[in-house]
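In order, the protein sequences belong to chains A and B.
For what it's worth, our numbering labels the leading residue of the first sequence as 236, then goes sequentially.
For what it's worth, our numbering labels the leading residue of the second sequence as 74, then goes sequentially.
No lab work stands behind these hints: they were computed from the structure.
On a predicted model such as this, the values are computed, not experimentally measured, just so you know.
Hints are not guaranteed to be accurate.
Said to hold, decoys possible - Calculated pairs, SDA-like style, for lysine to any residue (alpha carbon to alpha carbon, straight line, at most 20 Å):
id: 1; chain 1: B; residue 1: Lys74; chain 2: A; residue 2: Ser293
id: 2; chain 1: B; residue 1: Lys115; chain 2: A; residue 2: Gly289
id: 3; chain 1: B; residue 1: Lys171; chain 2: A; residue 2: Gly251
id: 4; chain 1: B; residue 1: Lys74; chain 2: A; residue 2: Pro243
id: 5; chain 1: B; residue 1: Lys183; chain 2: A; residue 2: Glu257
id: 6; chain 1: B; residue 1: Lys74; chain 2: A; residue 2: Gly278
id: 7; chain 1: B; residue 1: Lys171; chain 2: A; residue 2: Pro243
id: 8; chain 1: B; residue 1: Lys115; chain 2: A; residue 2: Glu257
id: 9; chain 1: B; residue 1: Lys171; chain 2: B; residue 2: Arg145
id: 10; chain 1: B; residue 1: Lys141; chain 2: A; residue 2: Gly287
id: 11; chain 1: B; residue 1: Lys115; chain 2: A; residue 2: Ser293
id: 12; chain 1: B; residue 1: Lys74; chain 2: A; residue 2: Gly289
id: 13; chain 1: B; residue 1: Lys115; chain 2: A; residue 2: Gly287
id: 14; chain 1: B; residue 1: Lys115; chain 2: A; residue 2: Arg303
id: 15; chain 1: B; residue 1: Lys141; chain 2: A; residue 2: Asp320
id: 16; chain 1: B; residue 1: Lys74; chain 2: A; residue 2: Gln280
id: 17; chain 1: B; residue 1: Lys115; chain 2: A; residue 2: Gly278
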Amino acid sequence: SQTIHQWPATLVQPVGSPLSLECTVEGTSNPNLYWYRQAAGRGLQLLFYSVGIGQISSEVPQNLSASRPQDRQFILSSKKLLLSDSGFYLCAWSGGLAGGEQYFGPGTRLTVT
Amino acid sequence: KQEVTQIPAALSVPEGENLVLNCSFTDSAIYNLQWFRQDPGKGLTSLLLIQSSQREQTSGRLNASLDKSSGRSTLYIAASQPGDSATYLCAVRVYGNKLVFGAGTILRVKS
């Protein structure tokens with residue numbers, strides 16, 4: 236069966252510090268991968284998605300970037316965090332078909348102080 | 074631009090009641106619609122997936138319907154239990170394999 240992992244589970248970082256969040260998927264190959272952010276009092280916002288290694292699409296201009304160095308690994312990064320980057324970050328995967336179901340990881344709670 | 078709206082924003086019901094959560098979307102060009110459950114501080118759990126060609130899906134006490142032409146979906150929960158308390162999210166899958174989410178309905182089932 237497929238499993239999706241995220242780490243760390245929680246993170247407290249000062250403004251201006253770098254960020255690296257990691258997501259890995261097991262039990263499937265060539266998944267579509269997604270990063271979402273859920274800010275307090277707001278819905279889920281799609282940040283990045285990837286259909287293959289090195290292929291990243293950005294949905295909103297922001298202080299963040301994403302990379303996919305391996306087929307089942309998706310990384311969210313920032314060089315300098317802002318207070319507005321605080322939120323709950325969720326990674327998800329789906330099969331290659333347009334009608335496929337999306338499955339979410341446990342999330343990372345990021346607090347920028 | 075696709076927009077998804079969920080009504081009500083919050084709902085509190087006594088245990089045992091049947092209830093309906095509503096989801097509407099502005100553009101009928103969708104691949105599918107997915108209902109999720111989110112417990113506080115947790116990730117999303119997929120409950121039901123309805124393909125654009127389908128009218129409904131059932132899983133246990135849950136039944137979801139889809140009327141693509143009118144841009145509406147409902148999630149019906151039968152015989153609600155305190156363990157059903159959570160936030161329920163509706164999302165439509167659009168071109169580019171992207172999900173567009175509603176803001177969710179916070180459900181509380183009182184024992």
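A quick look at each hint next to the structure:
no.	hint	result
1	Lys74/B with Ser293/A	holds, 16 Å
2	Lys115/B with Gly289/A	violated, 29 Å
3	Lys171/B with Gly251/A	violated, 30 Å
4	Lys74/B with Pro243/A	violated, 34 Å
5	Lys183/B with Glu257/A	violated, 38 Å
6	Lys74/B with Gly278/A	holds, 16 Å
7	Lys171/B with Pro243/A	violated, 25 Å
8	Lys115/B with Glu257/A	holds, 17 Å
9	Lys171/B with Arg145/B	holds, 19 Å
10	Lys141/B with Gly287/A	violated, 30 Å
11	Lys115/B with Ser293/A	violated, 24 Å
12	Lys74/B with Gly289/A	violated, 27 Å
13	Lys115/B with Gly287/A	violated, 27 Å
14	Lys115/B with Arg303/A	violated, 24 Å
15	Lys141/B with Asp320/A	violated, 35 Å
16	Lys74/B with Gln280/A	holds, 14 Å
17	Lys115/B with Gly278/A	holds, 14 Å
Hint compliance for this structure: hints 2, 3, 4, 5, 7, 10, 11, 12, 13, 14, 15 are not met, and every other hint is.
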